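Protein chains: 2
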Amino acid sequence: MSEETFTGKITIRDVAVRAGVALSSVSRVMSGHPDVSLAMRARVEEAVSTLGYEPDLIAQSLRSGSTRIIGFIIRDISNPLYALVARACEQELQRHGYSMILMNSDANIETESKNFQIMRRRRVDGVIASLVDEGDPSVKKSLISLNAAIVLLDREVKGIHTSAVLTNHYQGVYEATKHLIDAGHTKIGFVTGDENVYTTRNRMRGFKQAFGDIGKEIDESFLALGGFDAEYAFVHTHNLMTSQPRPTALMTGGISSTWGALRALKEIGLKVGEDLAFVALDEWPLFDIFSPEISCVYRDARTIGAESAHMMLQILKSGVQKKLIIETKFTARFSSGGGL
Amino acid sequence: MSEETFTGKITIRDVAVRAGVALSSVSRVMSGHPDVSLAMRARVEEAVSTLGYEPDLIAQSLRSGSTRIIGFIIRDISNPLYALVARACEQELQRHGYSMILMNSDANIETESKNFQIMRRRRVDGVIASLVDEGDPSVKKSLISLNAAIVLLDREVKGIHTSAVLTNHYQGVYEATKHLIDAGHTKIGFVTGDENVYTTRNRMRGFKQAFGDIGKEIDESFLALGGFDAEYAFVHTHNLMTSQPRPTALMTGGISSTWGALRALKEIGLKVGEDLAFVALDEWPLFDIFSPEISCVYRDARTIGAESAHMMLQILKSGVQKKLIIETKFTARFSSGGGL
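Taken in order, these protein sequences are the chains called L and H. Note that the first sequence covers residues 1 to 340 in this note's numbering. Note that the second sequence covers residues 1 to 340 in this note's numbering.
Extracted from the complex, chain L is given alone in its bound form (with noise of 0.2 Å):
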């Protein structure tokens, strides 16, 4: 600090000067903007190395009103998907001269509140977010309040207008609740998160469909719609398939649910694709190799990531929102088999 009061700060003014640039060729090359020649990176790192230049981002922000920090709120990093999409996401930011603070909001509503408190605070450019309860009162407030721009995953929030990515569970979730129904199976059980997020309402439809096209209507004493946590899966799922009478297929949203319910499977003594028919939806990498083989639903996590930040530099640079569908893919394995 106190060199600097004498030496004088080398600015960025000093670095365009030297590389016979524009000022913000400089910008570009520093902030890492993907849109920059060879030739030009080389003469603005030349005047860099040689001046000995550092930015200072921070000193930058308050010019600029742009932290260029990106905000990303999910419920659980340790969700396989929800990291696969932070990764991609993240390496899509950064090449874009973005950095992302990562928040845990544990499915706890406060925990939410206070996250996006926190990124309003730090001056976040915006937020990438998976809403715990898209029909919380909270929730509007501190999309509202953020003063920033967002993009949701897979959530829609009444009376706000936002970008986000959602997935096509609907069709994913039809095509094996069919499957299912073609077997023969008309008591099919469901576990996973509650509906006031768009995740579980989409995957609904979807389960409804398949039952309303034999004229059908489910069966909701066989849902478990409380918790996208191991713990609920593993405590309905043994319910469940302890009741009388018991579902002879079963279906579960997301990873940490799978593993709950599988886990739950286990303990009863019954046998996956033989006792009972399974479907996970959202798929881990080692489905293919253990046995039994799991019939799940897939979607691509590694474009969720990527494409939320496309969206995000997208509002950033020129304001326009919009919404995005991923699609989903059935694929049966050895899993749902059996269970009749």
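Bear in mind the hints are in silico, worked out from the structure with no lab data behind them. The reader is advised that the hints may include incorrect statements.
Stated by the list, open to error - From the structure, some residues in chain L lie toward chain H, with a derived Cβ separation under 8 Å:
no., residue
1, Ala-86
2, Glu-90
3, Ile-101
4, Met-103
5, Ala-107
6, Asn-108
7, Trp-259
These numbers were taken from a predicted model, which means no experiment stands behind them. All residues carry an ideal CB built from backbone N, CA and C; glycine is no exception.
Following the hints, complete the assembly by docking chain H onto the known chain L.
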């Protein structure tokens, strides 16, 4: 902004006066510091709410020289072990008023250097990092020029004294290898990352010690120590297990290695626990659910994450650096039988 000019910005002093408490107490409440009484929190929050005070963390950063941001640099957040570490770390940091910027290095030393450079420019208070390669000259430079607190995850860099959370892989791998040797195996393959990181060196020490106990040397031709990624493990497991003579037992270091190796074994048609004995270093939650059940050396990722945060906070508070050792535990399951 223009509003502030006319109304006068509400400052932290106004809040302290209104609440009738010290400035430092307001700071503690606002930063989410845990050592605050409920009564104090209520008084401050009432004053904040009444006055409509909104702390400007960027301006605070410039005043205090502290951004209250910690960088978290890892190879790949989609590795489930790192995701658990990151989650526990983020939650612990946030409890103390710090936010976490996440960056993936993607096993690329240049990306890692760039990550450190950006962390420096962002003036983070510290970085928690799992380095790609301890020995690379750029690493030492990155750590020194960071000019912030450092906690390394399972890494040791020669000539630089930093805090670190290290895992005692030695013990778990020693027990696992002994378990295999006791069953009659001497041809044991080992597929994992390079010895340029503590993790592999420490694991190899346990591996060699178990052979040393019976007066034998390990067979170097059964080692593939070149990468932590699934692709590397896939290719090298394939090579090892289709060569003559082939190992009768196999150990894989890291979750991605395990994934790649299991895929190769499945493709070759070798049954784990029957045609060969198999031990994984690092556990997936599903290891105890699927068949075959996988024997593994376990370490507690949540503890690693929380402790890395504690160590970071300790450096920032009192400058104290230390190393902490996390123990491992070998659990024999079905997969480590067979093969002979």
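Notebook entry, point to check: Is the interface hint for Met-103(L) satisfied, with its Cβ closer than 8 Å to some Cβ of chain H?
Noted result: Holds - the Cβ of Met-103(L) comes within 8 Å of chain H, reaching about 7 Å at its closest.
Note to self: Restraint: Glu-90(L) near chain H, CB-CB cut 8 Å. Satisfied or not?
What the structure shows: holds, 6 Å
Check: Does Asn-108(L) meet its interface restraint, that is, does its C-beta lie within less than 8 Å of any C-beta in chain H?
Finding: violated, 11 Å
Note to self: Is the interface hint satisfied for Ala-107(L)? The criterion is a beta-carbon contact with chain H at less than 8 Å.
What the structure shows: violated, 12 Å
Check: How about Ile-101(L): closest beta carbon in chain H under 8 Å, or not?
Finding: This hint holds: Ile-101(L) lies near chain H, its Cβ roughly 5 Å from the closest one there, short of 8 Å.
Checklist line | chain H contact restraint on Ala-86(L) - CB to CB distance below 8 Å | finding: Holds: closest Cβ of chain H sits about 5 Å from Ala-86(L), inside 8 Å.
Item checked: Residue hint Trp-259(L), partner chain H, criterion CB-CB below 8 Å -> Cβ of Trp-259(L) sits 6 Å from chain H, so the hint holds.
Checked against the numbered hints above, the structure breaks hints 5, 6 and satisfies the rest.
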